[in-house]
Amino acid sequence: MVTPVYLVVSLLGIAFALGILGKPLRKVAGVITLATMAFASYISVSWFMGLWFGEQSAAMVFTAGFRPPFSINLLMGFEEAFFLSLVNLAGLFGTLFLYRTLMKSGVNAFVILLILIMGLNVIIMTRDLFNLFVFMEISSIATAGIIILNPHQKTISAGFKYMLATGIVAGILLLGIIFFYHFTGTLNLDDTIRVNIEAWKGITVALFFILIAVIVELKPFPANGWGLDVYESVPGGIGMLISTASASAMLYVVYKLLPIAPPVFFQILTTIGIGTFFFSNLLALKQTHPNRLLGYSSVGQIGLITGVIGLSHFLGNQFGLIAASLLISHYLAKAGLFWISGILNKTHIREWSVIRQNRLLLFLFSLFVFLLLGFPPFPAFYGKWELIMQLAGSGQFFWLGAILVASLLEGVYLFRWLGYAMKLEAPAGEPLRVGWNQYIPLGIFGLATFVTGYYATHLSSYGSLINLIPLAFALGFFLIDFLPVYIKNTLAIAGMGFYFYYLYPDLNGFDMVFSAIFLVGGILTLLAGYAYKGKRIGFYPTALMMFAGLIGLVEAKTTLEFFFAWEVMTAGSYFLIIRGKKSMEHALSYMLFSLGGAYLILAGFSLASIGQSTIVLDILATAPLYAPLIFILLAIGFMTKTASIGLHIWLPGAHAEAETDVSPMVSSILLKAGVFGLIILIIRMGEQHLGSLSILYILSWIGAITAVLGNLMAAFQEDAKRLLAYSSIGVLGYILFGLALFSHLGWLAAIAIAVTHFLFKALLFLAIGGVVWRLKTKEMYRMGGLITRMPFTFISVLIGIIVLAGIPPLSGFAGKWIFTNAVIEKEWFFQGALISFAGIIAFLYCFRLIHTIFLGQLKDEHRKVNEAPFWILAPQYIILIIVMVFSVLPNSLLHPIGEMLKPYFPDGALTWQGQYATSIFGYWNGTWVMYVVVAIFLLVFLWLWFMNRKAYRVKQFNIVFAAERPFRPETTHFAYNFFAPYKKAIGFLAEPGVTRFWGHVSEGSHAIAELIRRIYSGNGQVYLFQIMAFIVVVYLISFGGF
Amino acid sequence: MENIWIKIGYALLTIFIVLNYGLLLQGLFRKIGARVGRRHGIRIWQPWVDIIKNYTFRSRIYHGVMYYLGPVFRLTGGIGLLLFLPVIYGSEMFSNFSFTGDLMLVLYFQFFGVLGMALGAGESGHPYSAIGVSRGLSQVTAFELPLTLGVLAIGLQYHTLNINEIVAAQQGSILNWTFFTNPFAAAAMLLSFLGAMGRSPFDVVLAPQEIPIGPPTEFNSSLLGVLQLNRAIFPVAKLILFMNLLFGGATNWGELIIKTFFIYFWSVFVGIAFPRFRVDQSVRWFLSIPLILGVIAIILIKF
Amino acid sequence: MHWFSLEYIAMNLGFLLILIGLWGIITRKNILRIIISFSLFDTGTHIVIVAIGYIRNRTAPILDTLALQKDTASKIVDPLPQALVLTAIVIGLGVTALLLVYAMKLFETKKTLDIHRFNDLKW
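Chains as they are written, first to last, in this note's numbering: chain A, 1 to 1042; chain B, 1 to 303; chain C, 1 to 123.
These are computed hints drawn from the structure, not numbers from a lab.
One thing to keep in mind: the hints can contain errors.
As the list claims (entries may be wrong) - As a list, the in silico BS3-like pairs of lysine-lysine whose alpha-carbon atoms are at most 27 Å apart:
{"id": "1", "chain 1": "C", "residue 1": "Lys122", "chain 2": "A", "residue 2": "Lys346"}
{"id": "2", "chain 1": "C", "residue 1": "Lys110", "chain 2": "A", "residue 2": "Lys346"}
{"id": "3", "chain 1": "A", "residue 1": "Lys286", "chain 2": "A", "residue 2": "Lys423"}
{"id": "4", "chain 1": "C", "residue 1": "Lys122", "chain 2": "C", "residue 2": "Lys105"}
{"id": "5", "chain 1": "B", "residue 1": "Lys259", "chain 2": "B", "residue 2": "Lys31"}
{"id": "6", "chain 1": "A", "residue 1": "Lys154", "chain 2": "C", "residue 2": "Lys70"}
{"id": "7", "chain 1": "A", "residue 1": "Lys154", "chain 2": "C", "residue 2": "Lys122"}
{"id": "8", "chain 1": "A", "residue 1": "Lys950", "chain 2": "B", "residue 2": "Lys53"}
{"id": "9", "chain 1": "C", "residue 1": "Lys29", "chain 2": "A", "residue 2": "Lys154"}
{"id": "10", "chain 1": "C", "residue 1": "Lys29", "chain 2": "A", "residue 2": "Lys104"}
{"id": "11", "chain 1": "C", "residue 1": "Lys122", "chain 2": "A", "residue 2": "Lys286"}
{"id": "12", "chain 1": "C", "residue 1": "Lys110", "chain 2": "A", "residue 2": "Lys154"}
{"id": "13", "chain 1": "C", "residue 1": "Lys111", "chain 2": "A", "residue 2": "Lys154"}
{"id": "14", "chain 1": "C", "residue 1": "Lys29", "chain 2": "C", "residue 2": "Lys110"}
{"id": "15", "chain 1": "C", "residue 1": "Lys122", "chain 2": "C", "residue 2": "Lys111"}
{"id": "16", "chain 1": "C", "residue 1": "Lys122", "chain 2": "C", "residue 2": "Lys29"}
{"id": "17", "chain 1": "B", "residue 1": "Lys53", "chain 2": "A", "residue 2": "Lys955"}
{"id": "18", "chain 1": "C", "residue 1": "Lys105", "chain 2": "A", "residue 2": "Lys346"}
{"id": "19", "chain 1": "A", "residue 1": "Lys104", "chain 2": "C", "residue 2": "Lys75"}
{"id": "20", "chain 1": "A", "residue 1": "Lys23", "chain 2": "C", "residue 2": "Lys105"}
{"id": "21", "chain 1": "A", "residue 1": "Lys826", "chain 2": "A", "residue 2": "Lys902"}
{"id": "22", "chain 1": "A", "residue 1": "Lys955", "chain 2": "A", "residue 2": "Lys864"}
{"id": "23", "chain 1": "A", "residue 1": "Lys826", "chain 2": "B", "residue 2": "Lys259"}
Stated by the list, open to error - Pairwise CB distance ranges (calculated):
{"id": "24", "chain 1": "C", "residue 1": "Leu93", "chain 2": "A", "residue 2": "His152", "range": "22 to 30 Å"}
{"id": "25", "chain 1": "A", "residue 1": "Asp618", "chain 2": "B", "residue 2": "Arg278", "range": "53 to 61 Å"}
{"id": "26", "chain 1": "A", "residue 1": "Val1032", "chain 2": "C", "residue 2": "Pro79", "range": "30 to 38 Å"}
{"id": "27", "chain 1": "A", "residue 1": "Val451", "chain 2": "C", "residue 2": "Leu100", "range": "57 to 65 Å"}
By construction, the Cβ of each residue, glycine as well, lies at the ideal position given by its N, Cα and C atoms.
Start from the sequences, fold in the hints, and give me the full structure.
Rendered as structure tokens:
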């Protein structure tokens, strides 16, 4: 093992050599620098590996031949090696990325870089306080030197502010150090740790100066304007160095000083850190400059890690994993994002749409965003999970809440940005040019996200339980994305089919029902994919990611696995949804509601795990504390996915604007994830009470109101897919109501409706998707009379709406019948009546859907429209067959579900004799109903046919029209605002009040952000004043007895 | 399975009786309406004449498959509704096919014909048909809510959804009728019934007095004939349903005819006395007084 | 410690300089004056350092006389702060120099040294 002193020697030596021999070495300076940094990286990484695998023990290096305190000593321990590796690798790849720019700037640029990295190395290793001060100054001088390399007025003024700020901070640090020396008589950390610090009077002030100076170096809110200005003004490549290498080193300094810090310091760190995390993310909402945005995000992330350090007492032995995974995520993501920003070189995040010229960059951009937000399988996922679990376990609910809210805010701006990049019109300009020296670091850091994610999975206490295979299968499609659609589609279907076959023997009960919906349903909707030509880049990996998440939910045995799957599903579906042409905002609101919901679920799980020894899902049933709260958190979390009223505003746009085969996926399949979550929750926690009020009772009202309003809004839509989307909201309201009934019949209805909803909604979305495919419009009033052009699609829609409306003899009626029985049994009449009312309102939109599209007047431009493509029709007809089987033989669906429910709800089951079902109140024989209806229908039809055999068919306009010929189809087709009188009567119920509410929430938080960020006035003196005020306030609060 | 042929025979008999009774009611009430308006009115057998006339037209046209099937759906709905009801209490044969489903089946099967017909009318391409459907569906949703509350109240009162059992529970005395034992539910349902019958003030769907509007606008000849058959059967089926739920059912055809006559008379009486509502007015009206009555019924029965 | 003892005066003077420096940095508009204020601040800290190392009635830790080489520890002031202050001065020099470079560059861009004119980056 190379002794760590060579880190300093090589970096410093080469820097000096280059400085002295500058001119002659001009050509090779870059290569030499890179080699030096590679050497430094090698040393630190080999130490890290050695220490990790235990082949090596920590080493202390003594300089100048004396033992401390008479000399400076450097420590190479496990943590040091870790941080050194981060810093040196950042230096190596950062230099590589900047290679061409630096070559233009000349040798000195390389010298400064080397000095910066060398300074950071010593900062990490040194055990001497004064030495720490010296090298902090060297690093900040070097940073200022790098900043000034870019001779732009904004950069220079930012650098000046930076210099002033760090200068003052260093002065304060120096004062602290000297007083510390004055009181303890030593500058050596190891020495002072042995000294009983409390014994020294007045040392608190000295310590405070040292610690606060280090904290200010981390750019805490609000004393961080100088840092943000630097981030904004420097090119991405340099921002990357500051955000990763410098910030990591400074974080380590905080960590290193902990042993000498008084206990109150931990609370200060927590408050400052999490406060910074929160406010940076809040203020970033209004930010449009990419680098400054990244700056806010950097400051925020570092704040979070600072907070975690402050909370370390509460995190037990998980502290290391949490802090390291959060840091690595920040490190990789920020490096990548700053680099991409450096390549694009744009001043507004809206201009990032140019990134679409280069798919790899876009991929990396999304990768880093998801990494930063702690999505699985990346390291921060486990970090955040453990953090929340431990915080809940130690009762730190305030911080838990603050971290989750702040993370959500972070999601807002990151996903908005990602959406801009994926969807906005790209501004005209020169094509992107990316050099090999830029690809290499980006590629390596991109790969590292997966590698570190893999290790984090194995390091986290329960991570090894997680089944990564489906996710890996999905991600594998990124590698074969160059293949044509039909190959990938076949592979995807085969993979899902095989997985279902593989799971099938172990499935029973709810798992069986839902894995059938998720996997078999997935295969059915994927069939429609054959209708696409070309490559459909990006579709298969993300679609399969969603399905991997969905099936993961079913397979999950522990809360961690469940949450993992939930997040995978969310990520996959986000990309599916954003594929739609106008889906930018809808995908964003989908993502934000999902994120919010996921955080509530996380909080719920964490509360449930308090005082329990495992994390299996059954801990929900045995949660000793806060059971009603856990129930509410999880229920709201799941209801964001089922789009219950109040949380539904993301759904219509997201489902309506999606592609033809994506709409059925997200509508008929994805929504069931929320249902599955609710089932898991309610079956384990049962009926919870808030005081004397049953939460299930509240849910039943939410369900009923959702059903009525969802259906009502559907009736007033002009857009066919939007209509179906609102209808999904309504049907999910029925399901929620059924689950809230918490009885055998209620659940039977809920699950039966869940299955039928899958069938008819897939059917309708595919059929309507086929129409939209041909007509290129979704506005129903632009269609009309298509029954002659698309008869097969018409039949699908006809059967679909009859099932949806619940009219006998088709299978939709089963739900209505069971519901009424369940309602009378439970005596929840008002909600029950609302549900039934909603069912009737469904007629309105069902009729509208079929009439305005297929009946009425055919438009001139549609006279030559063809039937929908075969592959879009094929899955519809498979579904039709299933629907007819369930209709004729209702017990084939209801009986197994009833049997499945009996262990949980033994009372009130239906009694079956063949197809004859009896409940407590009534009876129903689906087969006989079908026989009777078909018989009458045939008789009447034959009678009419016989009587009317000489009838002939007339042309389109041959109608009784006041003895006139209608002018044109557009004016004769009664379609627009179809239910105008109804709207006049009760349309006020469908006013977008909820949308307005969330709009106000969004505007409000943006307005607050706008107000607060005015503190960053851009004036260096104001910044300095803020630093000093910050220090004074922190002092007063923590030591002044405030 | 021999039983089934006998059942079919009785079913056809039921249809025949109800059809003629329905046509008679039509003629009778048109006559009554005319006399109230101091007009002479039609001959009482005019409905039979109209049907025969429609089946014998020489020019017969149609607009498409769904258009052709519309009346079939409509009549199937009417006949099906009738056959799913126990018509005569205590008579196994005149209970027809009520063994296949309970009250919920009957209530939901009503819409089978309505929606099918609406589709048929839609294919004609006539805007007035579509306007009629829009108006009709709007009203249906509105009066369904008080009706549902009433039905739930009855379901709770008798603890069953089996129509036969509901009728059985009302036997013995007139005071056992739901009309008296559960007056608020009955009131809510009878007000909804006005909407279901589609007479004034809720007749804007068809607007029979002036321009031809509503779903049947484009139907002619045999197709219209089929619709007219339904117009005779369907209301009677609804009358039987309400009779069973509220007025103790009927143990023989005579009782049935008397009771249904008066129930029909209720809607005619209101229709003659009150002017027509616009759709938005009727929707609001159903969601006011009948709804409140339904809510009171539920509250009374529950507590 | 005595009211008029050297270390006391030096310490107070140092802190006074620090405060003057901070006050100057925050209130002056001219960048050069700000840099001068910074130097004052820096010098203040240096004086404080030296004042802390000073021990009454002892001499400088320069062991050039024989008398000092015996029993050294009780005759000299604490040598460490003095060593530190040298380093700190050097660093302060570096920082000041770089600040001046910045000042020059700033002047080149806008032909002014008024710090209020350099507020382009904000929020």
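Worksheet item: If you check each hint against the structure, which ones fail?
Response: 6, 10, 19, 23 and 27
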